[in-house]
Every structure is written in structure tokens, then in C-alpha cells.
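Under the numbering used here, read the sequence shown as residues 1 to 279, first letter to last.
It is possible that part of the hints are untrue.
Stated by the list, open to error - Derived DSS-like pairs (lysine-lysine); straight-line CA-CA distance at most 25 angstroms:
no.: 1; residue 1: Lys145; residue 2: Lys211
no.: 2; residue 1: Lys145; residue 2: Lys61
no.: 3; residue 1: Lys145; residue 2: Lys205
Since the hints were made in silico from the structure, they are not lab data. Nothing here was measured: the structure is a model prediction, and the numbers come from that model.
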Amino acid sequence: MKTMFLTTTRTQALTRGFLIDLWNSHMSVSCFHVGLSWVPILLAMTLSSTLFISYILAIYKGSVEPDFPMISATGAVPPESCIFSQGLNMSAFLSLLCCYIWYGIASQQTKYMGTKQPRCLLKWCRIAGIIGSLGLSIVGNFQQKSVEVVHVIGAVMAFIGSIAYILITTHLCRRYLGYHSYYWAPRLCIGIGCILSGISFVGCKMALHLKNPDRPSRSLARILPSDPVYAESVCSSSSEWILGFLIIIFFLTLAPEFRRYALQLPELVGSSVVKQEET
1 MKTMFLTTTR TQALTRGFLI DLWNSHMSVS CFHVGLSWVP ILLAMTLSST
51 LFISYILAIY KGSVEPDFPM ISATGAVPPE SCIFSQGLNM SAFLSLLCCY
101 IWYGIASQQT KYMGTKQPRC LLKWCRIAGI IGSLGLSIVG NFQQKSVEVV
151 HVIGAVMAFI GSIAYILITT HLCRRYLGYH SYYWAPRLCI GIGCILSGIS
201 FVGCKMALHL KNPDRPSRSL ARILPSDPVY AESVCSSSSE WILGFLIIIF
251 FLTLAPEFRR YALQLPELVG SSVVKQEET
């Protein structure tokens with residue numbers, strides 16, 4: 001029994017030493033590897049909390065009416081505009097990072113297809129992601145009350161770029177990546193919902209301005225139930241909120257997919273120019 005105990009102890013010690021060496025060698029090679037499922041989760045948390053905090057502050061200060069104001073109206077004046085701008089800038093960076101990661105995943109999974117690799121779709125997917133992220137940053141930095149034209153351009157870029165990115169990504173998952181339906185079917189439903197919400201938003205917005213063309217858009221943040229364009233205003237703003245949160249939910253669907261991958265930070269090396277000067 002004593003010999004068996006010593007043998008078992010020695011075996012455990014050797015195994016523990018081997019695992020420690022293996023851990024150290026692994027850390028020396030991939031200590032900068034991190035799981036990536038947190039990126040879309042952090043994006044969803046950042047963007048949703050930004051919208052909610054700006055909305056609550058705007059209602060508390062009386063800047064907007066509580067009945068579904070436009071998203072831009074909740075971040076039009078300080079201090080909510082500061083939170084709105086900072087949150088959207090962070091969300092734009094995280095969404096761009098999500099697009100970069102997914103592009104790398106899709107490129108890696110289709111690189112063995114040769115001439116059948118959907119390079120054109122991958123390119124347009126990347127472009128749509130960049131446009132959506134850039135538009136989100138523009139919306140945050142150029143508030144509606146300050147530079148309305150640039151703000152509207154940024155909103156169009158954000159929504160159209162995001163919808164195009166959702167649809168292209170869903171098509172790539174279904175047609176080329178061979179994902180199961182429980183991956184691409186929810187994204188397809190989200191994409192259809194985004195299209196319907198976008199159509200509803202544009203239609204209600206056009207009806208609002210046709211019904212009251214002389215009213216500036218800046219004054220639409222404080223529409224009362226007695227206002228003749230109240231129904232159109234609530235319809236357009238609620239469609240915008242639904243569209244925004246559908247986009248957030250889409251990025252959340254990337255979390256299970258990103259969980260299987262890791263990102264290694266680039267390694268710093270000496271410049272060849274410095275080496276030539278030293279020699």
C-alpha cells in the first residue's frame with residue numbers, strides 16, 4: 001500500500017509538472033488569445049444602455065415627450081448628448097470589430113472553395129459593415145439640433161448599411177457556410193423585420209411631413225397627443241426604435257458563433273530600417 005501510494009504520488013507530481021510545463025509553453029505562445037463571444041455581447045450592452053440612459057435623462061429634463069420620441073431627439077442636448085455621442089462612438093468601434101471578426105471567420109471557412117468562394121459577397125459584406133459603423137459614429141457626433149443634414153446622412157448610412165450587412169451575412173451563412181437553420185433562420189427573420197420597420201419608418205415620416213410640411217423637424221421632439229401629426233410621429237419613432245433593437249439582437253446572434261474563435265494580437269518586431277542602420 002505504501003509503495004502504491006508513493007507511485008501514485010510520484011505519478012501525480014509528474015503529471016502536474018507536465019501540465020504546468022504545457023501551460024507555460026501554451027501561455028508563451030498564445031497568452032494574448034481571448035474568447036470573442038464578449039464582443040457582440042458588449043456591443044449590445046453598450047448600445048442598448050446608451051439609448052436607455054439618453055431616453056431616461058431626456059424625459060427627466062423634459063426635453064422630449066415619453067411617448068416614443070425619436071432616438072436622435074433623446075440625445076440632442078447636453079448632458080444626454082454627451083452620453084449619446086460617447087456611447088455611439090464605442091458601439092461603432094465594437095460593431096466594426098464584429099464585422100472584421102465575422103469577415104475573417106467567413107473567409108477562413110470558404111478559402112478552400114477555390115473559384116467558388118464568394119469573394120464579391122464577402123467584399124460587399126465588409127463594405128456594408130463599414131458603412132453601418134461609420135454612420136453610427138456620424139449620428140453620435142453630429143446631433144440633430146447642431147448639424148441636421150449630416151446627422152440624417154449618418155442615420156441613413158447606419159440603417160441601410162446595417163440592413164444590407166444583415167441580409168448579406170444571412171445569405172452567406174445559408175448558402176456558402178453551410179450553417180444549420182437555427183443559425184441563419186433567426187437572422188433571416190431579423191432581416192425581414194428590419195426591412196418592414198424601415199419601410200414603416202420612411203412611410204410614416206413622409207406622411208408626417210406631407211401632413212404638416214411647414215413644421216421643422218427639430219420641433220417634432222415635443223409632439224403632444226392633441227397634435228394632428230401625433231399618430232404619424234409615434235408610428236415613425238416606434239418603427240425606428242424597433243429597427244434599432246432588431247439590429248442589436250442580430251449582433252447578439254453572433255455571440256455563439258464567435259465563442260469558437262479567438263483573436264491573437266499582433267506581435268511587435270524590430271524595424272528592418274533600424275537593423276540596417278545598426279549594421
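Worksheet item: Which hints from the list above does the structure break, by number from lowest to highest?
Response: none
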